[in-house]
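Number of protein chains: 2
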Amino acid sequence: VTGFLGRRKAAQESTRLKGETHEFINPLNPGELTTHPGEEFRKQWEQIILSAQDKICNGISELEGGREFHEDVFQRPNNGGWGRTRVLQNGKVFEKGGVNVSIVKGHLPPGAARQMTSRGHTGLDPSRALEFYACGLSLVIHPHNPMAPTVHCNYRFFQLFDAETKQPLTWWFGGGTDLTPSYLFEEDAEYFHRTLKNVCDRHGEDKYPRFKRWCDEYFLIPHRGETRGVGGIFFDDFNEGGNPEVGKAFASECLDAFNEAYIPLVRKRMDSEFTPEQKEWQQLRRGRYVEFNLLYDRGTKFGLQTPDARYESILMSLPLTSRWEYQAPQGDVEGSWEQRTQQALKNPRDWIP
Amino acid sequence: VTGFLGRRKAAQESTRLKGETHEFINPLNPGELTTHPGEEFRKQWEQIILSAQDKICNGISELEGGREFHEDVFQRPNNGGWGRTRVLQNGKVFEKGGVNVSIVKGHLPPGAARQMTSRGHTGLDPSRALEFYACGLSLVIHPHNPMAPTVHCNYRFFQLFDAETKQPLTWWFGGGTDLTPSYLFEEDAEYFHRTLKNVCDRHGEDKYPRFKRWCDEYFLIPHRGETRGVGGIFFDDFNEGGNPEVGKAFASECLDAFNEAYIPLVRKRMDSEFTPEQKEWQQLRRGRYVEFNLLYDRGTKFGLQTPDARYESILMSLPLTSRWEYQAPQGDVEGSWEQRTQQALKNPRDWIP
Numbered sequence: 005v006t007g008f009l010g011r012r013k014a015a016q017e018s019t020r021l022k023g024e025t026h027e028f029i030n031p032l033n034p035g036e037l038t039t040h041p042g043e044e045f046r047k048q049w050e051q052i053i054l055s056a057q058d059k060i061c062n063g064i065s066e067l068e069g070g071r072e073f074h075e076d077v078f079q080r081p082n083n084g085g086w087g088r089t090r091v092l093q094n095g096k097v098f099e100k101g102g103v104n105v106s107i108v109k110g111h112l113p114p115g116a117a118r119q120m121t122s123r124g125h126t127g128l129d130p131s132r133a134l135e136f137y138a139c140g141l142s143l144v145i146h147p148h149n150p151m152a153p154t155v156h157c158n159y160r161f162f163q164l165f166d167a168e169t170k171q172p173l174t175w176w177f178g179g180g181t182d183l184t185p186s187y188l189f190e191e192d193a194e195y196f197h198r199t200l201k202n203v204c205d206r207h208g209e210d211k212y213p214r215f216k217r218w219c220d221e222y223f224l225i226p227h228r229g230e231t232r233g234v235g236g237i238f239f240d241d242f243n244e245g246g247n248p249e250v251g252k253a254f255a256s257e258c259l260d261a262f263n264e265a266y267i268p269l270v271r272k273r274m275d276s277e278f279t280p281e282q283k284e285w286q287q288l289r290r291g292r293y294v295e296f297n298l299l300y301d302r303g304t305k306f307g308l309q310t311p312d313a314r315y316e317s318i319l320m321s322l323p324l325t326s327r328w329e330y331q332a333p334q335g336d337v338e339g340s341w342e343q344r345t346q347q348a349l350k351n352p353r354d355w356i357p
Numbered sequence: 005v006t007g008f009l010g011r012r013k014a015a016q017e018s019t020r021l022k023g024e025t026h027e028f029i030n031p032l033n034p035g036e037l038t039t040h041p042g043e044e045f046r047k048q049w050e051q052i053i054l055s056a057q058d059k060i061c062n063g064i065s066e067l068e069g070g071r072e073f074h075e076d077v078f079q080r081p082n083n084g085g086w087g088r089t090r091v092l093q094n095g096k097v098f099e100k101g102g103v104n105v106s107i108v109k110g111h112l113p114p115g116a117a118r119q120m121t122s123r124g125h126t127g128l129d130p131s132r133a134l135e136f137y138a139c140g141l142s143l144v145i146h147p148h149n150p151m152a153p154t155v156h157c158n159y160r161f162f163q164l165f166d167a168e169t170k171q172p173l174t175w176w177f178g179g180g181t182d183l184t185p186s187y188l189f190e191e192d193a194e195y196f197h198r199t200l201k202n203v204c205d206r207h208g209e210d211k212y213p214r215f216k217r218w219c220d221e222y223f224l225i226p227h228r229g230e231t232r233g234v235g236g237i238f239f240d241d242f243n244e245g246g247n248p249e250v251g252k253a254f255a256s257e258c259l260d261a262f263n264e265a266y267i268p269l270v271r272k273r274m275d276s277e278f279t280p281e282q283k284e285w286q287q288l289r290r291g292r293y294v295e296f297n298l299l300y301d302r303g304t305k306f307g308l309q310t311p312d313a314r315y316e317s318i319l320m321s322l323p324l325t326s327r328w329e330y331q332a333p334q335g336d337v338e339g340s341w342e343q344r345t346q347q348a349l350k351n352p353r354d355w356i357p
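Which chain is which? The protein sequence lines are A and B, in order. Residue numbers for the first sequence follow this note's numbering, so the first one is 5 and each next one is one higher. Residue numbers for the second sequence follow this note's numbering, so the first one is 5 and each next one is one higher.
Hints were generated in silico from the structure; no laboratory data involved. Be aware that a few hints might be false.
Pairs involving identical chains hold if they fit within one copy or between any two copies, as the list cannot separate such chains.
Derived lysine-lysine pairs resembling DSSO-like cross-links, with alpha carbons at most 30 Å apart [as the list claims (entries may be wrong)]:
{"id": "1", "residue 1": "K252", "residue 2": "K350"}
{"id": "2", "residue 1": "K283", "residue 2": "K96"}
{"id": "3", "residue 1": "K109", "residue 2": "K47"}
{"id": "4", "residue 1": "K96", "residue 2": "K350"}
{"id": "5", "residue 1": "K272", "residue 2": "K96"}
{"id": "6", "residue 1": "K283", "residue 2": "K252"}
{"id": "7", "residue 1": "K96", "residue 2": "K109"}
{"id": "8", "residue 1": "K283", "residue 2": "K170"}
{"id": "9", "residue 1": "K109", "residue 2": "K272"}
{"id": "10", "residue 1": "K350", "residue 2": "K109"}
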């Protein structure tokens with residue numbers, strides 16, 4: 005079985021649990037990592053994340069005529085870090101949007117380790133208790149208008165320590181930016197991908213093709229044989245070169261490009277006319293979004309397993325409204341826009357020739 | 005840590021994945037089972053299941069003024085059994101209801117064994133390949149009116165065979181019936197529980213207390229610290245006494261009592277007046293329902309992992325519409341009906357004094 009579709013099918017047949025069959029990017033074995041980020045590096049990354057949150061929220065608020073996000077700053081118990089959740093609900097343009105920062109420290113609960121990376125931690129002694137540090141930004145934005153796409157973006161830095169000796173063991177970056185239209189506009193998908201590719205290319209020409217494909221694989225809904233959306237980029241376990249500055253620079257430039265990649269698409273579509281039937285299709289697609297996030301998304305599972313998880317922040321990714329219909333016919337109507345859109349999810353395309 | 009709430013809390017703290025901490029009912033060790041159901045037993049059980057489907061659908065259709073369920077009969081590939089899915093969507097009284105029968109045979113995929121029972125299969129040699137037979141009825145019914153409760157009911161018989169020798173290895177019954185009101189009417193919860201208790205009591209006075217408590221534990225949404233609804237009964241791994249006739253009689257009487265337990269509650273509430281705010285609360289509760297089913301329900305996970313799963317049948321349990329709001333305030337408004345309802349989910353009660 006070769007090729008993406010073949011491997012996807014193999015993944016479905018073997019576990020039906022997760023379509024991700026990515027051949028991992030050969031991150032350095034944890035034992036080979038010699039450079040370990042310290043307090044100063046983590047503070048720099050936190051500043052990058054917090055500034056990105058400001059910039060993105062400002063961009064979204066501007067589309068809402070200046071209406072600001074509702075902000076909740078919370079401390080986690082037991083010196084376990086803090087977070088800044090920002091939510092905009094029932095806006096003029098956006099049905100619901102959350103842009104969250106969380107900075108979490110603590111013991112790694114047994115079940116959670118598996119959810120943290122795509123490959124598990126074969127390089128680490130499984131008998132040692134671990135502590136972790138995670139700092140990231142996670143956003144999901146759902147516009148009202150069914151012609152305007154939903155977007156998700158998440159960039160995070162993880163570090164693991166030996167719980168006893170407090171020695172750093174390994175670290176990595178992960179993240180991605182991906183688009184979920186209810187109605188496919190090919191030019192929008194191309195624009196979105198090209199914007200991300202421009203960032204990737206500055207960090208090596210291998211990045212976009214690898215991370216684009218990884219995105220298609222990660223956001224697969226295996227039981228439906230379709231992806232959550234038209235993709236973008238996704239990567240995990242990123243510690244290439246062994247220098248944390250490389251990952252920090254890449255992830256921060258990806259964050260910086262978010263507004264450029266997404267906001268013009270909303271601006272172009274947010275006042276489009278649409279029919280009640282088109283709104284209903286959007287609601288059905290939202291149902292698929294929920295299916296992916298609750299059944300398959302590693303981040304959601306990891307979040308909910310974290311001790312003292314703030315579930316309101318984690319579940320902000322779910323749409324305000326969604327719909328499940330038994331055998332909804334729209335995606336199968338020959339020649340329909342809905343079918344064309346669904347086809348693009350069943351057969352992920354190369355958006356940049 | 006003792007008592008239900010203590011154990012529930014311990015479960016949340018340890019895994020945050022599943023609140024079920026039931027002390028299992030000491031089913032006979034598979035090796036000690038000497039009576040193994042044969043073809044005739046399975047046919048009898050299939051007839052019970054198919055008749056129950058007819059009876060329940062007729063009861064629901066009557067509330068809809070005779071409108072019938074849409075029926076799909078499907079064959080599973082590779083001689084893997086068949087199913088009869090019945091769905092009623094966008095009715096006058098019901099937003100969505102599915103009453104499904106499935107009769108499934110096949111090899112047990114590796115990941116699926118864990119989802120099959122609550123205890124795993126410690127009595128079986130993990131190196132042997134397994135085949136399974138499962139026949140059950142599963143229903144979820146969501147009325148439009150927020151005063152009328154959602155209901156779920158599922159009864160199933162499982163049998164495992166050695167894939168090589170075809171020898172039967174073990175078998176068990178599982179199932180339950182549980183109620184999920186958006187607005188708590190204590191008299192309705194009591195009536196529902198009493199109807200189930202009457203059935204249970206005919207099969208031993210231990211049954212209702214054990215299965216009522218198991219239900220509260222199984223249908224816990226751990227990240228919210230609340231149950232999906234006001235419960236009912238739930239059991240699994242049931243092969244007590246080693247005689248399959250015992251489980252068959254019990255499960256078929258539970259199925260038979262479904263209409264009596266549920267239909268009067270809908271009839272009483274289906275024409276109630278309600279406000280838009282009450283409809284919105286119902287939609288939020290539906291969101292919780294989706295969270296439980298997609299994040300925690302073993303049956304859904306098992307179903308989606310089954311080779312050639314018919315996901316449309318499995319996901320019929322999801323409501324037609326649902327809603328997620330960041331920090332929805334209703335459940336916290338002092339003295340409100342919504343808060344009273346939510347309190348009953350955070351602190352499961354004994355409905356029968």
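Going down the list of hints, with the structure as the test:
no.: 1; hint: K252 to K350; verdict: neither (33 Å within a copy, 43 Å between copies)
no.: 2; hint: K283 to K96; verdict: both (16 Å within a copy, 22 Å between copies)
no.: 3; hint: K109 to K47; verdict: within (14 Å within a copy, 56 Å between copies)
no.: 4; hint: K96 to K350; verdict: neither (32 Å within a copy, 35 Å between copies)
no.: 5; hint: K272 to K96; verdict: within (15 Å within a copy, 39 Å between copies)
no.: 6; hint: K283 to K252; verdict: neither (39 Å within a copy, 46 Å between copies)
no.: 7; hint: K96 to K109; verdict: neither (37 Å within a copy, 52 Å between copies)
no.: 8; hint: K283 to K170; verdict: neither (53 Å within a copy, 52 Å between copies)
no.: 9; hint: K109 to K272; verdict: neither (41 Å within a copy, 52 Å between copies)
no.: 10; hint: K350 to K109; verdict: between (39 Å within a copy, 28 Å between copies)
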